[in-house]
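Peer 1: This is what each chain is made of:
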Amino acid sequence: MQPSGIVTITTDFGHKGPFVAVMKGVILGRFPAAKIIDLAHDIPAQWPPEAGFWVSRSWQWFPAGSVHLAIVDPGVGTARDILVVECGGHVFMAPDNGLLAQLIDSNNDARVSRLDTDRLELPEPSATFHGRDIFAPVAAGLAAGTYSVGEVAVETADWTPGWIDEPEVSAGRITGIVVTIDAFGNLISNIDNSLVADLSEPVVDIGGHHVPMLRTYGLAKPGDYLALVNSFGVVEVARAEGSAAEGLGCARGAPVVIRERN
Amino acid sequence: MQPSGIVTITTDFGHKGPFVAVMKGVILGRFPAAKIIDLAHDIPAQWPPEAGFWVSRSWQWFPAGSVHLAIVDPGVGTARDILVVECGGHVFMAPDNGLLAQLIDSNNDARVSRLDTDRLELPEPSATFHGRDIFAPVAAGLAAGTYSVGEVAVETADWTPGWIDEPEVSAGRITGIVVTIDAFGNLISNIDNSLVADLSEPVVDIGGHHVPMLRTYGLAKPGDYLALVNSFGVVEVARAEGSAAEGLGCARGAPVVIRERN
Amino acid sequence: MQPSGIVTITTDFGHKGPFVAVMKGVILGRFPAAKIIDLAHDIPAQWPPEAGFWVSRSWQWFPAGSVHLAIVDPGVGTARDILVVECGGHVFMAPDNGLLAQLIDSNNDARVSRLDTDRLELPEPSATFHGRDIFAPVAAGLAAGTYSVGEVAVETADWTPGWIDEPEVSAGRITGIVVTIDAFGNLISNIDNSLVADLSEPVVDIGGHHVPMLRTYGLAKPGDYLALVNSFGVVEVARAEGSAAEGLGCARGAPVVIRERN
Chain A
0 MQPSGIVTIT
10 TDFGHKGPFV
20 AVMKGVILGR
30 FPAAKIIDLA
40 HDIPAQWPPE
50 AGFWVSRSWQ
60 WFPAGSVHLA
70 IVDPGVGTAR
80 DILVVECGGH
90 VFMAPDNGLL
100 AQLIDSNNDA
110 RVSRLDTDRL
120 ELPEPSATFH
130 GRDIFAPVAA
140 GLAAGTYSVG
150 EVAVETADWT
160 PGWIDEPEVS
170 AGRITGIVVT
180 IDAFGNLISN
190 IDNSLVADLS
200 EPVVDIGGHH
210 VPMLRTYGLA
220 KPGDYLALVN
230 SFGVVEVARA
240 EGSAAEGLGC
250 ARGAPVVIRE
260 RN
Chain B
0 MQPSGIVTIT
10 TDFGHKGPFV
20 AVMKGVILGR
30 FPAAKIIDLA
40 HDIPAQWPPE
50 AGFWVSRSWQ
60 WFPAGSVHLA
70 IVDPGVGTAR
80 DILVVECGGH
90 VFMAPDNGLL
100 AQLIDSNNDA
110 RVSRLDTDRL
120 ELPEPSATFH
130 GRDIFAPVAA
140 GLAAGTYSVG
150 EVAVETADWT
160 PGWIDEPEVS
170 AGRITGIVVT
180 IDAFGNLISN
190 IDNSLVADLS
200 EPVVDIGGHH
210 VPMLRTYGLA
220 KPGDYLALVN
230 SFGVVEVARA
240 EGSAAEGLGC
250 ARGAPVVIRE
260 RN
Chain C
0 MQPSGIVTIT
10 TDFGHKGPFV
20 AVMKGVILGR
30 FPAAKIIDLA
40 HDIPAQWPPE
50 AGFWVSRSWQ
60 WFPAGSVHLA
70 IVDPGVGTAR
80 DILVVECGGH
90 VFMAPDNGLL
100 AQLIDSNNDA
110 RVSRLDTDRL
120 ELPEPSATFH
130 GRDIFAPVAA
140 GLAAGTYSVG
150 EVAVETADWT
160 PGWIDEPEVS
170 AGRITGIVVT
180 IDAFGNLISN
190 IDNSLVADLS
200 EPVVDIGGHH
210 VPMLRTYGLA
220 KPGDYLALVN
230 SFGVVEVARA
240 EGSAAEGLGC
250 ARGAPVVIRE
260 RN
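Residue numbers (numbering that gives the first Met the number 0), protein chains in the order written: chain A, 0 to 261; chain B, 0 to 261; chain C, 0 to 261.
Isolated chain A, as found in the complex (with noise of 0.2 Å):
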């Protein structure tokens, strides 16, 4: 891998205190050159299959080489381990909870590895903050080139599942859920763009309503519910110049079918 220098974070901690600041401090402190991105930070307290979605949709759009850190991590200080992923020339990191689960099922290059910090020479870390004492520094040291993925963590088959079932498709009807909600109030599904390829006049079924497909936002009249293909390949269901979450009273989980027009 040739390091661009770029260490992605994505975590649950919110954008309250300093948590986020000093796993910066921590890899600009290995590594001054990095450059830093936040991904996300408003994934649900404890819920990895979002972050795990994010990161998988997100890091084609960064230069290869880049460092991916996701960090939902609930089982802190307790046996789990640490996976770090290469794929397509990039890196990401884990706690081994079923977070990268879709990412590593939907590369067939990815390549699986548990990290073995007893081959690093890191302070002792804390029971409670493993991305400042463990995913910060080991990011900054395959970041700069320091070390391979292969010097710090040992190649492995086994890894813990995802939490959210691949969509169903039977019969011409594909049946996933709402992973995420955006600032707009978009209800964004797992449901891949390669799943619905195949209809000729797909309809979404959401939350009691019948919503057509159409090509961007500004195509429906102000008011009118609306599903598309969005800028990172699922299928979204929106509404112009309002809310869907709310018009539609969904959340995350709510389920989400697409079929064929009657």
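Calculated directly from the structure, the hints in this document are not laboratory data.
Hints may contain errors.
Note that identical chains are pooled: a pair holds if it fits in a single copy or bridges any two copies.
Straight-line Cα separation of at most 20 Å, SDA-like style, residue types lysine to any residue; simulated pairs [to be verified]: (1) K15 / R214; (2) K220 / G88; (3) K15 / P43; (4) K15 / R251; (5) K15 / G232; (6) K220 / G74; (7) K220 / L198; (8) K15 / D37; (9) K15 / H40; (10) K15 / G161; (11) K15 / E120; (12) K15 / A182; (13) K15 / C86; (14) K220 / D204; (15) K220 / H208; (16) K220 / G241.
Following the hints, put chains B and C in place on chain A, whose structure we already have.
Peer 2: Chains B and C only, in chain A's frame:
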């Protein structure tokens, strides 16, 4: 333009999800030395005037040669153009939806162009996220000095006007509106300092209250309302050790009148 | 001091508007190689002690030679001074309103000075935003090594004391308060690890509950309360897979007592 390498980003994306982050990834992929600053992401959804207000009041605090992206874009994916404005040695990009009208109107040297994406070899953009697919790569090229505005955009004398009227001035009364509210609950108006310079003892009428103008917050008694010319050169109404927005029940759009004390 | 080039910023500005961004613009205009880190911006409005708490518990995680700005400044534009504190090879700047008292009290090597803006050729500052007009340019000069603290500030033995009492220790009981609450709803106290080291089986009394001390979150059953020494070296009360703040109905200032189990 001598590039500073700085790109600022203003959006209505909020602080949820990886939307701003992937823009940064695209910029750094094309211009690894870019220094990217988040200007504001809390613009109310699809309300371009507030983004325009902050951009037009903030750019002076960045070094010349900076590129300022402002993406509040309800028309993304429809026929709306993208404007590129040069002014004061800085470059600004925004959808042609009125966002940049205030900047253009208040700077005589502003030169307005329309982006011509045919001159650029960009991958096919998504229909819904031009921030990532057009704004970010073009900003990277402009900020790096890879190309000039004239090479990627065509000068124009025609653009969408602003959504908010300039303050009315008549018979010693200036009438404006609340444009935005900060985290302290201070009500920030669109009334420029220069409009009140002639009043000897100005009073601000807002929310049924008559508020005196002072020099700074600490000169009012706790709980008292005060008005002042804020650090961005506009009149602001505050409450000492409290929230004027809550206390006065005022929101964006509320009328603000400044007049001579009787 | 060998500068690291890092400037951290802690404020009560929230995440609205361009207030922090224009500070960054000013810093980069004077010191283009600055690496600027947002430490925390969610300090409750005009409550300096929480900013002081986080700064005094976070700076160790940044490389020596960093400059830390903390701007919670209800007295901006009045006669209050600005302190510059050197400690552990780092530099700290804050209004002289008690914000830095905890840092000074807990570090024997802290050297306290008052900024003398007459020694600097700064543009006339606004009355309401010294973060941008004084703190940012001075931080740029200090972080770049353009001048030393001694060149712009005068040593003093006199400063405003902190707003929060140190924990009381008596007869095996330590009594402190909740200083801040993180995004998980964990209640973070001002009781340092060292104060509880002598207790063999400590119990925390808070909100009418008696909470046992454990090593990490994952060792409690979902829904159970636990206390622990957190990664910043203070006692924290948490609820496994829940929010202690909500569950216990506790806010900032709530009393926290630690004692030997009966």
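Peer 1: Decide, hint by hint, whether the structure agrees.
Peer 2: Quick rundown of the hints versus the structure:
1. K15 / R214: Neither way: K15 and R214 sit 37 Å apart in one copy and 23 Å across, limit 20 Å.
2. K220 / G88: For K220 and G88, neither the intra-copy (43 Å) nor the inter-copy (40 Å) Cα distance is at most 20 Å.
3. K15 / P43: both (14 Å within a copy, 11 Å between copies)
4. K15 / R251: between (23 Å within a copy, 14 Å between copies)
5. K15 / G232: Only across copies: K15 and G232 sit 18 Å apart there, 31 Å inside one copy, limit 20 Å.
6. K220 / G74: between (46 Å within a copy, 12 Å between copies)
7. K220 / L198: Close neither inside one copy (24 Å) nor across copies (47 Å); limit 20 Å.
8. K15 / D37: both (14 Å within a copy, 11 Å between copies)
9. K15 / H40: Both: 10 Å inside a copy, 7 Å across copies.
10. K15 / G161: neither (28 Å within a copy, 22 Å between copies)
11. K15 / E120: Answer is neither: 30 Å inside a copy and 35 Å across each miss the 20 Å cutoff.
12. K15 / A182: Answer is both; intra-copy 18 Å and inter-copy 6 Å each pass.
13. K15 / C86: neither (32 Å within a copy, 25 Å between copies)
14. K220 / D204: Within one copy only: 19 Å inside, 38 Å across.
15. K220 / H208: So K220 and H208 pass the 20 Å test inside one copy only (16 Å; across, 40 Å).
16. K220 / G241: For K220 and G241, only the intra-copy Cα distance (11 Å) is at most 20 Å; the inter-copy one is 41 Å.
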